[in-house]
Amino acid sequence: METVPYCTRHPPRLATSLFLLVTLFAFSFTLFAFANPEQDNYAKAPAGSQSRHHHHSQNTRPKDPDVDTSIDPDQISKLLLAKAPGSESLESSQPVFSAQNSAGDPDYNPQQTSTDMEQILDINDDVSPVDSYPLPESVLDSSGFDNSKDPGNDDDQKDKDTEKEKPDDTQSGKIDDDILQLTESLTLKELVGQMTQIQIGMLIDSKGELDPEKIKYWVKEWGVGSFLDTPTNHGGKYISYSAKRFAKVVDTIQKVAMSTDKRIPMIYGLDSVHGANYVDGAVLFPQEIGLAATFNTTIAYESGRITAKDTRAAGIPWVFAPILDIAVHKLWPRVYETFGEDPHVATAMGSAVIQGLQGNYKKDRTRVAACMKHFIGYSASRNGQDKSSAWIPDNHLMDYFVPPFQAAVDVGVATAMETYIDVNGQPVVGSRFYLTELLRHRMGFEGMLVTDWAELDRLYTEHRSVPSLKDAALQCLKRTSVDMVMVPESESFSKNTLELIDEERLDRNRLVESVSKILQLKKDLGLFDKPFSDPDLLPLVGSAQDVDMAREAIRESVTVLKNKDSTLPLWKSDTGRQIPPKLFLTGPTSDSIRALSGGWSIKWQGAEKDEWYQGRGQTILNGFLEHFPSELVTHVPSVDFDGNLVSSKEQYLQAAQAADIAIVCLGEKPYAEIVGNIENPDLPRGQLDVVRDLAKRLQGSRTRIVLVLVEGRPRGLQEVHGLADAIVMAYLPGPWGGGPIAEVIAGGVNPSGRLPMTYPSNVYDLATTYYRSGIDPYKPLFAFGAGLSYSEVEYSNLQLSESSIHLAIVSDNDEGDDDDSVDANQSTSTANRLFKSTSSRKLDRHRHHSVASVTIKNKSQRHVKETVFWYITQDYRREVSPEAFLLKGFQKILIAPGQSETVVFRIGKDMLAFHNRHLKKKVERGSFTLTVNAMRPEALSAKFQVM
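Residue numbering for the sequence shown follows my numbering, starting at 1249 and increasing by one per position.
Calculated directly from the structure, the hints in this document are not laboratory data.
Lysine to aspartate or glutamate pairs mimicking EDC-like chemistry, simulated, CA-CA at most 16 angstroms apart: (1) Lys1611 x Asp1782; (2) Lys1944 x Glu1898; (3) Lys1503 x Asp1782; (4) Lys2169 x Asp1647; (5) Lys1897 x Asp1937; (6) Lys1437 x Asp1509; (7) Lys2169 x Glu2127; (8) Lys1830 x Glu1879; (9) Lys1464 x Glu1438; (10) Lys1810 x Glu1967; (11) Lys1771 x Asp1612.
Note that this is a predicted model, so its numbers are computed, not measured.
Use the sequences and the hints to build the structure in full.
Put into structure tokens, the structure is as follows:
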């Protein structure tokens, strides 16, 4: 029988059907257009599944481990629906306030796409990590200061600390001639493509593998010059990608990029924020808040160096780190990603991390380009919620928020990322003041600037600054110096920018300026010469040497906040306690590697199971089992992270009664960004009830309670802090935290961690920093800098080489100035030279600087690492009220038993300056107080005059 086409057999029926279909479509479109009068139409390449089911691990190996085409889709905004390449989708013109959508949806996860596909472990048996490898010459000593020499002037000291591995020409901003020629040769579409960054999930198919057609679509059709994130977050096949497998993913995309006419390599970026946390097998370090607690810039540098090496092994030359925000509101869910609340600590530690990450990145292919973020004011959330608005007086912005970023610029940071939020009502991503006048002109940053995730779109969808996505692109590109847009899931930026140029609302030269910086960065990183990954780096990932460094970082970060009646250390021969005590452990963080690591670990929201670490790590329980006989260690679960009972209350209370020490490990489950928003700062009631119930049951007994806090921000303890005999702050130490925590508590390590933030006592303290105005109350549970050792340390003999510092001139009488202030920025004045000297040991009369010294004696029988804090406070200040205290320097020194060390500190020009209401940087004459270890029992102070 002959087959007849349907249209031939039934022409009337087909015509009628087509007519009805067209009519229905036209009617529907008319209604939709009427309800949505202004729309942006753009196509979008397919993404992975949008379902919100959680991932499930499966401990089976893929059939062909040598073939890797996997990657996965990361979706933040639910505004866009996945379509085939070239198809069109309509976007509602109504702003969608996605930052607030989490309230009614516990699975809301804007940057981590769930999938129905079960991800599997990446078991990489054919690459074994080496035990050790040659180390480069260390850049910084353990404190960032050379205590064996006089510090000289402060400007010279900065040079000494950074000169050894400072990148060549990083600060020059020079664009090579060949890069300029290449940039000028690009078409408009190619220029826009280079400015576009797309998340890796847009290249992944429903099976979690790289889709060759999607790669071609984005790279060849749209010329996309950058990709980001781990496939794990976006439906990739694997729970975590080894360096080898990740490198195959990156190289696969790179091959397509290098096959284009211009042969311009793409650049891949990754959030390696505490080690290469998205590279399976890499060594993870403490989160930044724990790193800050070490007050050790060498450890910060080494964490950066190891992070760079492991990230580069995965074929990735660019990391979005460090975070230089200062944690002013302790409810904020990103506190743990910062170096704490103090500007100087963020400055010193952040600069050290940058030096470790970058080294001489233009020549050393084991290093990466760092990215200082988030510029600026992100952490000053008014209500402590992520992505909320910030109100920051401009002079406070300059004095407290800018310094860490300025220091990063000064040491040659290659890139920067702007912030999500609006500051003082102005969205940063569209702000000429913040991203052009301040960042570029005033601070002198000449590197490449990228937006944060989908932030350009938020000018329209959330900030409501503009009526369309096209206007968002126009505002960003016309007003700011943004070079690359983390789009990250559509062609909207490309299409809209091309239309803006076609409409003559935007000039081609604006694109050329940004693309030249992008291509120069790619050249500096060696991507034009060697665009593909280096397999020689693979065995260096996860080495025992790096694990040892991570453990040392944890040892120096663990902070003993309370030690009633010398409860700690538990035992060691030098304490006189020869017999080890019986231990009882409980609490949700006592046997959890994922809790120790927190968010940004394997996945954006952290690992869902300890099994994902594949044995690379150690829980607190296992740490104690390593250091104590197993028959003396009892573990009984009590409650989960939410405070719900997971065993009989009587069971764990009876176990505690049989022990000498009850170690209760409380804290937070992993979270990141907006998903970590909370309304109540207290730990869940059920967690606190464990301590309450134990204290009640153990009252009058010999059993003591040690409280271990594993948390990314200071959670409220209510009255429970008074029920514990000892309190140990572990922060988020990373997967190797269990052993070092046990070592500190047992006594194998003399604790040296110090609190890099204020630990509030109540809700009114949540946004209070120690450097508040002197009239503001400051009654925290634990002050900034708190921390105990097991040694008795004595401070004495605080001296100043000069009690008077003479200012030779007075500034011009600018608006708001008076005759008692000196412009600290005058380049030709004596004010700019007043602290220059050749030898601080040959002090003349009427010297223009002063050197302080203090003697520290270790009166114990064990070595101690002691952090010395130097604060300077102006006693009276006319233009702006002075801070109660403000840290200007710190040094961490090792003192042998019974020995004394003299530490010196130079009072430099910038330490006396402040910004007035007119943003003039000033030094005002008057009396000052230098305080050593303010807010601690051993504090000493001395007065000096600026005349």
